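**Q** Line by line, the protein sequences give chains A and B. The numbering of the first sequence is my numbering, which starts it at 1 and goes up by one. The numbering of the second sequence is my numbering, which starts it at 364 and goes up by one.
The set of hints was computed from the structure by calculation and includes no laboratory data. Take the hints with a grain of salt, since some may be wrong.
[Claimed, not checked] Listing some non-contacts, in silico: residues in chain A with all C-beta distances to chain B over 10 angstroms:
#: 1; residue: E8
#: 2; residue: R11
#: 3; residue: S36
#: 4; residue: I40
#: 5; residue: P43
#: 6; residue: K48
#: 7; residue: R79
#: 8; residue: E98
#: 9; residue: N104
#: 10; residue: T112
#: 11; residue: G115
#: 12; residue: K229
#: 13; residue: Y249
#: 14; residue: E251
#: 15; residue: S273
#: 16; residue: M298
[Unchecked claim] Coverage of chain A stretches by chain B, computed from C-beta distances (three or more under 8 angstroms per stretch; other residues unrestricted):
#: 17; segment: 61–74
#: 18; segment: 220–228
#: 19; segment: 233–245
#: 20; segment: 259–269
Just so you know, these numbers come straight off a predicted model, no measurement behind them. Cβ atoms here follow ideal geometry from the backbone N, Cα and C, with glycine treated the same way.
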Amino acid sequence: MTSTLLQEKARELLDQNEVSLVIGYGEFFRRANDKSLQQIISPIFISKPDEVTSLTWNEHCVYNLSTYLIRKEIKAHRRIALLAKGCDIESICVLIQENQIKRNDLVIIGLTCQGVVGNSSHGYAKKCYSCQHQTPHIYDILIPSQNRRHQLMAPHPLPSPLGGEGRVRGVPSGRTHAPVKGKKVDGAGSGSRQEKWQGEIDHLGQMDMMDRLDMMDRMSSLERRLFWKDQFSRCIRCYACRNVCPLCYCERCIADKSSPQWIEKGSLLGNLSFHIIRTFHLASRCTNCGECERVCPMGLPLSLLNRKMAQIVKDLFQPDLGLGVKPFLENFPYDNGQPFVEKKSFIKEKSFVKEKCNKGVKR
Amino acid sequence: MLPSKDIAKSKTEEKRDWQPRMVIFLCERCSYTDADLIDSGRLSHDSLIETIRVPCSGRVDPIFILKCFEKGADGVLIFGCSQKECRNSTGNYHAQKKLAIFRTLLEFCGFDARRIHFSWTATDADADRAGSAAPSIEKSFSSGGAHWAKLIDNIVSQVAEAGPFPDMYPNIYPRRGK
Numbered sequence: 001m002t003s004t005l006l007q008e009k010a011r012e013l014l015d016q017n018e019v020s021l022v023i024g025y026g027e028f029f030r031r032a033n034d035k036s037l038q039q040i041i042s043p044i045f046i047s048k049p050d051e052v053t054s055l056t057w058n059e060h061c062v063y064n065l066s067t068y069l070i071r072k073e074i075k076a077h078r079r080i081a082l083l084a085k086g087c088d089i090e091s092i093c094v095l096i097q098e099n100q101i102k103r104n105d106l107v108i109i110g111l112t113c114q115g116v117v118g119n120s121s122h123g124y125a126k127k128c129y130s131c132q133h134q135t136p137h138i139y140d141i142l143i144p145s146q147n148r149r150h151q152l153m154a155p156h157p158l159p160s161p162l163g164g165e166g167r168v169r170g171v172p173s174g175r176t177h178a179p180v181k182g183k184k185v186d187g188a189g190s191g192s193r194q195e196k197w198q199g200e201i202d203h204l205g206q207m208d209m210m211d212r213l214d215m216m217d218r219m220s221s222l223e224r225r226l227f228w229k230d231q232f233s234r235c236i237r238c239y240a241c242r243n244v245c246p247l248c249y250c251e252r253c254i255a256d257k258s259s260p261q262w263i264e265k266g267s268l269l270g271n272l273s274f275h276i277i278r279t280f281h282l283a284s285r286c287t288n289c290g291e292c293e294r295v296c297p298m299g300l301p302l303s304l305l306n307r308k309m310a311q312i313v314k315d316l317f318q319p320d321l322g323l324g325v326k327p328f329l330e331n332f333p334y335d336n337g338q339p340f341v342e343k344k345s346f347i348k349e350k351s352f353v354k355e356k357c358n359k360g361v362k363r
Numbered sequence: 364m365l366p367s368k369d370i371a372k373s374k375t376e377e378k379r380d381w382q383p384r385m386v387i388f389l390c391e392r393c394s395y396t397d398a399d400l401i402d403s404g405r406l407s408h409d410s411l412i413e414t415i416r417v418p419c420s421g422r423v424d425p426i427f428i429l430k431c432f433e434k435g436a437d438g439v440l441i442f443g444c445s446q447k448e449c450r451n452s453t454g455n456y457h458a459q460k461k462l463a464i465f466r467t468l469l470e471f472c473g474f475d476a477r478r479i480h481f482s483w484t485a486t487d488a489d490a491d492r493a494g495s496a497a498p499s500i501e502k503s504f505s506s507g508g509a510h511w512a513k514l515i516d517n518i519v520s521q522v523a524e525a526g527p528f529p530d531m532y533p534n535i536y537p538r539r540g541k
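With the hints as constraints, model all of the structure from the sequences given.
**A** This is how it looks when you write it as structure tokens:
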């Protein structure tokens, strides 16, 4: 019923020539290995009114479609209609704020969302636990959802980047990773350490994000380093996290530059740099849509980094984030507390200065 | 014997036969000349220090810091102009903001916070604020080499406490520069 309403609205927009393209969720079927039909939700681009019948909206529509808004092919269109859940609206807001897209070139079809399928223990996506807007706060057309909450306790298998079904059946993405074969990362007592942290990593996926951050804070510096070393050593540098992110819109990414090569390629050394710099570039911009973690074929806990970054910005500078506020790294209040600048207490040691100065002058 | 050397020695002689390798980013408007004063004032310090001259402390991208550690540095220090004295109006604020959050992020990833430092260059205004009633010649000198040498000693000893920078992937990718 919701999908029918959605299709009508999309047909209207295309018929009246208000938009030249509708970006939405399409429903397809594919043969699984056991010859049974499997439902697949995938992004769909509609430019003809007859094609709107594939449009759908249900709890499996997890993708953040705003990532397509910054692609050249899409920008070439005159006006676009885009399906957006409450969480996707946040990304669109940042893109408008940073002058990447114009609000007038966009028709936002808001979707009232009751949670989408994901890898958390209850079947919801992790982002749904910190959901701010079930009904989008910015939209041109609103598609209401059915009132009851989706029955997500037994989620359907969704297409997985790994092809296996282990990762998708309600299994948290933080833990099920393909073991790195023949490439044992060893250090001091790596066997016991791996065993020790494996349990923790298993646990990580099921925990609430704030608990995960708390747990990380309780670790010692060494433990944290070993934890991230384990995590980053699994990264295969497919750059899926970067490509899917709606806010990574640099035309030439620093990870692709080869002269000078700031981020090493083809070695584990660059993995750390890549992930730290990726997180840093999203400081105070990341909207926690969780797409980077969802697409990661190795299941790295990337939203942990992003959430920590948001926490750091909030703790150190407490900016008011949101639409209408300047981005964090673009405004400079002149009294922002100076965290971590070296204390110049030694200035008070006049005797030291005097002694040193006198000697200097005499000589 | 010069005082800074004494201080450096008194700290180093007991506990470290190893010297940390430091990279220092110097704003060419203020701290680069301060670094010069160390030489012209014949003050010196016993540390392995590489200085890199940048047009403004705002130029220092976080990737520079990571690259320093990759290439074998044990600590990084970034010098900027004092508050409200940046020639590019907001470069030092930009640097401070960027590096403050970046350092905390590195801490979260298991780096030792004692390895990364950011400092304003001390100025006359700072000396005044600290209640110094020294004559002008002292003040102008104090904004230069002496402070600089003391601050460097301070920070080098902090980095020395943190120890050599640990290799992230020692057996897979040997670390260069050492």
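**Q** Does each hint hold? Answer for all of them.
**A** We went through each hint and held it up to the structure:
no., hint, in the structure
1, E8, "holds (47 angstroms)"
2, R11, "holds (47 angstroms)"
3, S36, "holds (43 angstroms)"
4, I40, "holds (36 angstroms)"
5, P43, "holds (32 angstroms)"
6, K48, "holds (46 angstroms)"
7, R79, "holds (37 angstroms)"
8, E98, "holds (17 angstroms)"
9, N104, "holds (32 angstroms)"
10, T112, "holds (35 angstroms)"
11, G115, "holds (29 angstroms)"
12, K229, "violated (6 angstroms)"
13, Y249, "holds (18 angstroms)"
14, E251, "holds (18 angstroms)"
15, S273, "violated (5 angstroms)"
16, M298, "holds (16 angstroms)"
17, 61–74, "violated (count 0)"
18, 220–228, "holds (count 8)"
19, 233–245, "violated (count 1)"
20, 259–269, "holds (count 6)"
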